[in-house]
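There are 4 protein chains.
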Amino acid sequence: MNNHILLIDCPDQKGLIYNITKILADNNLNIVKNDEFVDKSAKHFFMRTEFSGKFEAENILTELKEALPETVNIRLNPKAKKDIVVFATKEHHCLGDLLLRYAYDELNANILAVISNHNALQPLVAKFGIPFHYISHENKTRSEHEQATLKALQIYNPEYLVLAKYMRILNPEFVNLFPRRIINIHHSFLPAFIGAKPYKQAFTRGVKIIGATAHFVTSDLDEGPIIAQNVIQVNHRYSAADMSRAGKDVEKIVLARALKLVFQDRVFIYGNKTVIF
Amino acid sequence: MNNHILLIDCPDQKGLIYNITKILADNNLNIVKNDEFVDKSAKHFFMRTEFSGKFEAENILTELKEALPETVNIRLNPKAKKDIVVFATKEHHCLGDLLLRYAYDELNANILAVISNHNALQPLVAKFGIPFHYISHENKTRSEHEQATLKALQIYNPEYLVLAKYMRILNPEFVNLFPRRIINIHHSFLPAFIGAKPYKQAFTRGVKIIGATAHFVTSDLDEGPIIAQNVIQVNHRYSAADMSRAGKDVEKIVLARALKLVFQDRVFIYGNKTVIF
Amino acid sequence: MNNHILLIDCPDQKGLIYNITKILADNNLNIVKNDEFVDKSAKHFFMRTEFSGKFEAENILTELKEALPETVNIRLNPKAKKDIVVFATKEHHCLGDLLLRYAYDELNANILAVISNHNALQPLVAKFGIPFHYISHENKTRSEHEQATLKALQIYNPEYLVLAKYMRILNPEFVNLFPRRIINIHHSFLPAFIGAKPYKQAFTRGVKIIGATAHFVTSDLDEGPIIAQNVIQVNHRYSAADMSRAGKDVEKIVLARALKLVFQDRVFIYGNKTVIF
Amino acid sequence: MNNHILLIDCPDQKGLIYNITKILADNNLNIVKNDEFVDKSAKHFFMRTEFSGKFEAENILTELKEALPETVNIRLNPKAKKDIVVFATKEHHCLGDLLLRYAYDELNANILAVISNHNALQPLVAKFGIPFHYISHENKTRSEHEQATLKALQIYNPEYLVLAKYMRILNPEFVNLFPRRIINIHHSFLPAFIGAKPYKQAFTRGVKIIGATAHFVTSDLDEGPIIAQNVIQVNHRYSAADMSRAGKDVEKIVLARALKLVFQDRVFIYGNKTVIF
Chain W
1 MNNHILLIDC PDQKGLIYNI TKILADNNLN IVKNDEFVDK SAKHFFMRTE
51 FSGKFEAENI LTELKEALPE TVNIRLNPKA KKDIVVFATK EHHCLGDLLL
101 RYAYDELNAN ILAVISNHNA LQPLVAKFGI PFHYISHENK TRSEHEQATL
151 KALQIYNPEY LVLAKYMRIL NPEFVNLFPR RIINIHHSFL PAFIGAKPYK
201 QAFTRGVKII GATAHFVTSD LDEGPIIAQN VIQVNHRYSA ADMSRAGKDV
251 EKIVLARALK LVFQDRVFIY GNKTVIF
Chain P
1 MNNHILLIDC PDQKGLIYNI TKILADNNLN IVKNDEFVDK SAKHFFMRTE
51 FSGKFEAENI LTELKEALPE TVNIRLNPKA KKDIVVFATK EHHCLGDLLL
101 RYAYDELNAN ILAVISNHNA LQPLVAKFGI PFHYISHENK TRSEHEQATL
151 KALQIYNPEY LVLAKYMRIL NPEFVNLFPR RIINIHHSFL PAFIGAKPYK
201 QAFTRGVKII GATAHFVTSD LDEGPIIAQN VIQVNHRYSA ADMSRAGKDV
251 EKIVLARALK LVFQDRVFIY GNKTVIF
Chain E
1 MNNHILLIDC PDQKGLIYNI TKILADNNLN IVKNDEFVDK SAKHFFMRTE
51 FSGKFEAENI LTELKEALPE TVNIRLNPKA KKDIVVFATK EHHCLGDLLL
101 RYAYDELNAN ILAVISNHNA LQPLVAKFGI PFHYISHENK TRSEHEQATL
151 KALQIYNPEY LVLAKYMRIL NPEFVNLFPR RIINIHHSFL PAFIGAKPYK
201 QAFTRGVKII GATAHFVTSD LDEGPIIAQN VIQVNHRYSA ADMSRAGKDV
251 EKIVLARALK LVFQDRVFIY GNKTVIF
Chain R
1 MNNHILLIDC PDQKGLIYNI TKILADNNLN IVKNDEFVDK SAKHFFMRTE
51 FSGKFEAENI LTELKEALPE TVNIRLNPKA KKDIVVFATK EHHCLGDLLL
101 RYAYDELNAN ILAVISNHNA LQPLVAKFGI PFHYISHENK TRSEHEQATL
151 KALQIYNPEY LVLAKYMRIL NPEFVNLFPR RIINIHHSFL PAFIGAKPYK
201 QAFTRGVKII GATAHFVTSD LDEGPIIAQN VIQVNHRYSA ADMSRAGKDV
251 EKIVLARALK LVFQDRVFIY GNKTVIF
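Protein chains in written order, with our numbering: chain W, 1 to 277; chain P, 1 to 277; chain E, 1 to 277; chain R, 1 to 277.
Calculated directly from the structure, the hints in this document are not laboratory data. All C-beta atoms in this analysis are idealised placements derived from N, C-alpha and C, irrespective of residue type, glycine included. A portion of the hints provided could be inaccurate.
[Claimed, not checked] Derived lysine-lysine pairs resembling BS3-like cross-links, with alpha carbons at most 27 Å apart:
id: 1; chain 1: E; residue 1: K273; chain 2: E; residue 2: K33
id: 2; chain 1: W; residue 1: K260; chain 2: R; residue 2: K248
id: 3; chain 1: R; residue 1: K260; chain 2: W; residue 2: K197
id: 4; chain 1: E; residue 1: K54; chain 2: W; residue 2: K40
id: 5; chain 1: R; residue 1: K43; chain 2: P; residue 2: K54
id: 6; chain 1: R; residue 1: K200; chain 2: E; residue 2: K40
id: 7; chain 1: E; residue 1: K260; chain 2: E; residue 2: K90
[What the hints assert, rightly or not] Quick list of the computed label-pair ranges, beta carbon to beta carbon:
id: 8; chain 1: W; residue 1: N30; chain 2: R; residue 2: H118; range: 35 to 41 Å
id: 9; chain 1: E; residue 1: R142; chain 2: P; residue 2: T204; range: 52 to 58 Å
id: 10; chain 1: E; residue 1: G53; chain 2: W; residue 2: N30; range: 24 to 30 Å
id: 11; chain 1: E; residue 1: R245; chain 2: R; residue 2: P179; range: 32 to 38 Å
id: 12; chain 1: P; residue 1: T204; chain 2: W; residue 2: H118; range: 35 to 41 Å
Based on the sequences and whatever the hints tell you, model everything.
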């Protein structure tokens, strides 16, 4: 897939598709795939185009900006492979799944390093030859721990941070350094069971489904824009531990699906929601 | 299915299955289907047996009570077809689905009457020849409205009340008159989106799944024991109204499944949970 | 939703979206919703546009035909509510579900009549005040039976025939009279279990899922273009009869979903496949 | 889970549960979990019991054999951790998933070795320190290749062979050496798309769901007893390659689920079906 990618979002107005496709046509470019959406309540327009042909990026951008509303967001050919750092704690299933996909170049991303507040996962990461930073949170305030983490991150300058079952709450100060760039997997079908121990909560409530949610992290815990969710059926025979075990497969698949969507530049964030093509 | 049904739950202790099956074997009865479960955290035993053969109910019950813990609950051959009254407001999909199933005797229940706080569904109910009680809530306090409802219910003496999208909150005083005998369909995957307008809430939160939950009604709104749940995938293209439309099919199927389980005597309630065989 | 609808499919070539949206923009029409797809293996382009504004249909069609390949198919504002005749045999669940939706104007269609080779469903249809034609197949050849059916159909001149568990195989001669206009619900996840008694086949094969498929009928039995499919989990406890019972809910929901898609003009048929927006 | 496990299947007759639980009770053993099922069409009884307490295996077996029909199958405390050899070809996703689970002791099995007809997966297997046998099929007849494979297997004497996307058809002579001991993952929802290239077949047929099936291998290709199946929704936008990519996650989860069931001794094979507790 060596097509070019163009992502546009702006206030809705008449003729947007025509104006955009005219510029592509005038430049002799061929649209291979196109998706648009208008959020009627927000009166906002979203478009993702894959096209082929040769062009000068500067020219196209200038033409687009002239033809579109002033407040338009345009992304033309975002970096095809994202640089990421993965955060984990002790659980291996999400991290292991990502390492495998990365090893076979199926992630649309480079895993630059893994950071963990425990060293349990060091041997797993070592198998894949990726730097592992063990940054214990013990005897540190949350801020001190995050400062140590930031120091490690400086080496890598990642585009995205992926929280692959990272069992730490992040301060808003940390989150705000990476706006719309931190992706978390939460082990419940949000907004149910926000916060700690969702499987314990699910067991206590006696639900008949459990699930997982991948979302962007904002300063409100578990409240950020949702990217992907899925569930599985459970029943009275599941203890909280059984739910936790059964949920792992949902968690890893939902996280991988969300990352694929984000890293293929299919996701727009608007307000607290996502538009996904 | 003309088997006999025996439902037992009691504190767990050694030899329960043996003690129970011994009594059935000694009475020359043949077990056709058997399910047991021990809730380990509650140390409580549940068993549902379908068996064939001739017997004196009194004798079996006496033998069982002698052999089992003092606090045992035993139900032997509960009434095969439950008498129910269905409550609805303006939406037809759950009610219509139940009426169709009832018309073809697929509900394990007799719908004695339909009660509604609006008269919109009267023509639908009339097609099926079932009494319809329009009891408006206008110009009445909640208690006055429930008193009027209770008066109508007196005619029928139903075993279960089924709230098929009944858009009224019930006072605890009313609920407590029908302990474990009111079944509701809530249009979200509980415990997410408790309360009013769950689809509006789901739209605002930007979830990627919506669902429905059938549960027993307790005095805590939307907090009673869950019987059945299911979900469907949605995306950014769904307005709150689209979610509501798409959710209707989940709602009616989940409610019908829950009623089937309850009316076939497959459901134990224990604490705030259900054990379902 | 009083938007206009434009459906176009034609061989793919450069600039199609631009050419089409230009005509809409030049006519001062506003695109509300747009979907396109290019089938790369078939090199065929599909587009569905919802737009608002005033226009002369003749003018727009002329302009479109001039701007697009010669072999283009254009549908502009197809009839909003389709005229249909529903076929059924003895099972009520699909028919009943459609009658309920029709009674509340949720079907995007007028059910002109119901035709059945049995009279078991006459009382159900009568509840909804719709003509019912009992055309027995007994003592008739398949062709004779279909001739009698065609005679009944002449009164109604329906756009679509909906086979809602119509347990008769249709002769190619009959099918060819209604090309792409007969929709069937088959009680298996096609192409598994083609032909008679799919639940019996599923039971014998010991599958862990069962399902249903809504498809257009062609002269090859159960081989026509698929519109919608869904499945449910089963296990060894399901007899063939249990599967049949459990499958009914999937059947009726899948059929209703397929009809909604077709009657909202969201479905293109191309070769033996569907493109659905 | 340090309970004992007892698996019994035999022709159905009156009093089986009582007879079995009596022996356990007489030996002062405590049933922790119990499941039974009677296949009515086959008139066959299945029971799986988890129990705690001390006992002499010989005594229990003797008592059971005396009390039960002559043709009974009894398994008492089958080996808790199965010895397995995994077969793969070039695709890593199922193998990688199993290696990760094995590395964290979540497989109820020891992977003794991996055998492949290609050497592409050697580096992956090496990461986990497991013997890898590259046995090319080139310039060999199918029988010669299988002889070479058998030779490698002799070192390990595995209880189960797991075909984790092993793209080779096995001769009946080979299969018959491992009756009910070869487990395969097929990349379709069987019985649809038997044989080669199921995703290509699915694409050509235009299905709206794809899936995967884990099953025991018999001498009839893709016809053995099914253990687990699952599906995902697809649409016209999926090429055969897209289906293949999307299907990989279903394949690996379905295979892992099936292995968990088999290796926890929850699966009975009867005729061409499975009974799973």
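Violating hint indices (sorted, rising): Structure breaks no hint.
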